[in-house]
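Can you make the complete structure from the sequences, with help from the hints?
Top line first, the protein sequences correspond to chains A and B.
Counting from 1, position 313 in the first sequence corresponds to residue 563 in the working numbering; the numbering is continuous, with no gaps.
Counting from 1, position 285 in the second sequence corresponds to residue 535 in the working numbering; the numbering is continuous, with no gaps.
Don't read these hints as lab results, they were simulated from the structure.
Keep in mind that a hint or two might mislead.
Since the list gives no way to pick out one identical chain from another, each pair is judged satisfied if it fits inside one copy or across any two copies.
Claimed, not checked - Simulated pairs of lysine-lysine, DSS-like, Cα-Cα distance not exceeding 27 Å:
id: 1; residue 1: Lys-572; residue 2: Lys-297
id: 2; residue 1: Lys-572; residue 2: Lys-456
id: 3; residue 1: Lys-368; residue 2: Lys-297
id: 4; residue 1: Lys-456; residue 2: Lys-580
id: 5; residue 1: Lys-522; residue 2: Lys-467
id: 6; residue 1: Lys-303; residue 2: Lys-522
id: 7; residue 1: Lys-467; residue 2: Lys-297
id: 8; residue 1: Lys-311; residue 2: Lys-467
id: 9; residue 1: Lys-311; residue 2: Lys-397
Number of protein chains: 2
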Amino acid sequence: MPANSPVSPPPRTLTLRDVSEASGVSEMTVSRVLRNRGDVSETTRVKVLEAAKELGYVPNKIAGALASQRVNLIAVMVPSLSNMVFPEVLTGISEVLDGTPLQPVFGVTNYQPEREEKVLYEMLSWRPSGVIIAGLEHSDASRAMLKASGIPIVEIMDVDGEPVDSVVGISHRRAGREMAQAIVEAGYERIGFLGTKMPLDHRARKRFEGFTDALAKAGLEVADQEFYSGGSALAKGREMTEAILSRTPDLDFLYYSNDMIGAGGLLYCLDKGIDVPGQIGLAGFNGVELLKGLPRRLATMDACRAEIGRAAAQIIATRVAKPDTAPGEKIVLSPQIQFGDTLRRH
Amino acid sequence: MPANSPVSPPPRTLTLRDVSEASGVSEMTVSRVLRNRGDVSETTRVKVLEAAKELGYVPNKIAGALASQRVNLIAVMVPSLSNMVFPEVLTGISEVLDGTPLQPVFGVTNYQPEREEKVLYEMLSWRPSGVIIAGLEHSDASRAMLKASGIPIVEIMDVDGEPVDSVVGISHRRAGREMAQAIVEAGYERIGFLGTKMPLDHRARKRFEGFTDALAKAGLEVADQEFYSGGSALAKGREMTEAILSRTPDLDFLYYSNDMIGAGGLLYCLDKGIDVPGQIGLAGFNGVELLKGLPRRLATMDACRAEIGRAAAQIIATRVAKPDTAPGEKIVLSPQIQFGDTLRRH
DNA sequence: CGGTATGATGTTAACGCTAACAAATGCCTC
DNA sequence: GAGGCATTTGTTAGCGTTAACATCATACCG
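Structure below.
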């Protein structure tokens, strides 16, 4: 048996050269066939395709990208995946990008600016064709990287601030304001706020600010508040509601910074036989699907998640296809209050 | 003003050469500094680092990967992100990979084999160092690609089948069997099944098979069943429960293929004043966090999601660090029934 | 039937970086 | 102060692909 038996070829990964040799044409022609680029005769096209399939050749995009200076990757950065809200954004993005040669790549920042910076650096070092990134608050270094990258950037979810380039989202300040107005108009006066402790969730913070501003205009202020971090949001919603109500029993409205804790609160109130929305009104934020299955529909406000994803992807797709499209687009969506069964109508 | 004013330099992206010129050393030395590789004097190190920062240089990993034949990317393929279960797996993976130079890249297949094939092809064309992929069922082409890639593969979530290489998961058949046994032992006899219509959710299918097998051994069979697809799982759980109970009112147990529809069923039963678990017992599957906030704890079985993610990442990390580690590792986790408040104890 | 479009294929030189080796520098020892 | 060793820096040659151009058939025209 020869030393280097042909029976077990070295598992060296295949290159264009292998396909080229197997099909008897130049590497360039193989490359053309595989990319559907330029004129190739039907005969050779079939020959090459067969050889490639036979060998199980998978093109090396690394080499391709380096040579062509084109990378059809879109970096998508979100703070979290366990939130129910971001997966929907990603779905919206994928929907639009599926109709283009672009491919999304996801990165998760855990609401930490340093982590965002690191993940962004990693992603940019692959020279993507665009970036979709949640939020307007970034470290100086991150912002500098984004600006210097020279590629289309879309910041999403939030529009209250100074974008690097384009932006698609809703005004969380306004969302908080409008909810406060609806609550005031419905006649509630002793209002409690329950939210996340996370100081880095800027959107929750802005909703809270808008909320207190609008209350102030009506001569009211938040009567009590309660914060949490970590754990099952539904269970936390229960616990926090119990805590705030036992501390301040005369509250007549509870505004939750997200639907999950709101749902927990709702279940708690129902358990305790509290009259909702008579004795106490409740509202959350996000408009998550889950609410549809609860015994009562929690009042909420849709965050337009899928729509934001689609619009952001559309901006990127257009900018990549037509590089001379003007940057700096701004799309502001306007979520409507859904009164549900837990907030009296005006 | 000269035609080509130096004031606004062309936005050509920076290369090692730019840093090398700015710092007065060779490109190679810059490369060494930036990768912390090889000995470089403290003086030049600082000089280079400053120049790089000053310019805002971001290395081009594409070129780096091509030159070094090393790509520190791990392809992670899951069927869905909106499921709550996969984000937890991804978290487990990230946790372990964060301690290594490896970086996960996520792909979503939507439970479609053709899509899985396409996404896998895309991912492999970036020549990742490993693949973590959900499930054991793949198209022939996908399987061939995985085998031919020559990199470590870990199939996760499920162990009932023939893996390509390594596998980490639980036996869904056994999970179904054990739940059936617990139900039988608790004395329930008229058992209904509620699940997803999706024929491509192999794990749900296997749980169902194990479930009916074990019932058969006890001389029982599923008295009625109900399937759904799409929509809010919680609301669907309600609807399905109502449907199955109105069709077959004498059922004394409902087994749900996941916790979300199970939770919907639980809420429905509580609404209707049905005695749980006296009149009807309920059980789901997955052990999702959400259950902790419900009025009663639904019986369930943990799918060991984070643990699976960690173990899979660990296998990959080890194989990448020590390429001569034996392939074909198999880790079978054993989830325990959590009886909660909806399944009578034996 | 020469001349010229036209289509199909091949050749060459990057792309930006790193492995491997080569050279230069400094430092110590006897 | 020459030899030798360790440390630091530089040089060269790809990595696998594609852009741009060159070449070669073939067909078509008057």
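Hints and how they fare:
Taking CA atoms no more than 27 Å apart as the test, Lys-572 paired with Lys-297 passes in neither setting, with 35 Å inside one copy and 40 Å between copies. Taking the shortest Cα distances, Lys-572 and Lys-456 never come within 27 Å of each other, neither inside one copy (35 Å) nor across copies (49 Å). In this homomeric assembly, Lys-368 and Lys-297 come within 27 Å of each other (Cα to Cα) only across copies, at 22 Å, whereas the closest approach inside a single copy is 46 Å. Proximity of Lys-456 to Lys-580 under the C-alpha cut-off of 27 Å is restricted to the intra-copy arrangement: shortest distance 19 Å within a copy versus 48 Å between copies.
Taking the closest pair of Cα atoms, Lys-522 and Lys-467 never come within 27 Å of each other, the shortest separation being 33 Å inside a single copy and 44 Å across copies. Within a single copy, Lys-303 and Lys-522 get their C-alpha atoms no closer than 65 Å, and across copies no closer than 59 Å, so neither meets the 27 Å cut-off. In the homo-oligomer, the alpha carbons of Lys-467 and Lys-297 never lie at most 27 Å apart, since the shortest distance is 75 Å inside one protomer and 56 Å across protomers. For the identical chains of this complex, Lys-311 and Lys-467 are neighbours neither inside a copy (58 Å) nor across copies (53 Å), given an alpha-carbon limit of 27 Å.
Both within a single protomer and between protomers do Lys-311 and Lys-397 lie at most 27 Å apart by alpha-carbon distance, with minima of 26 Å and 19 Å respectively.
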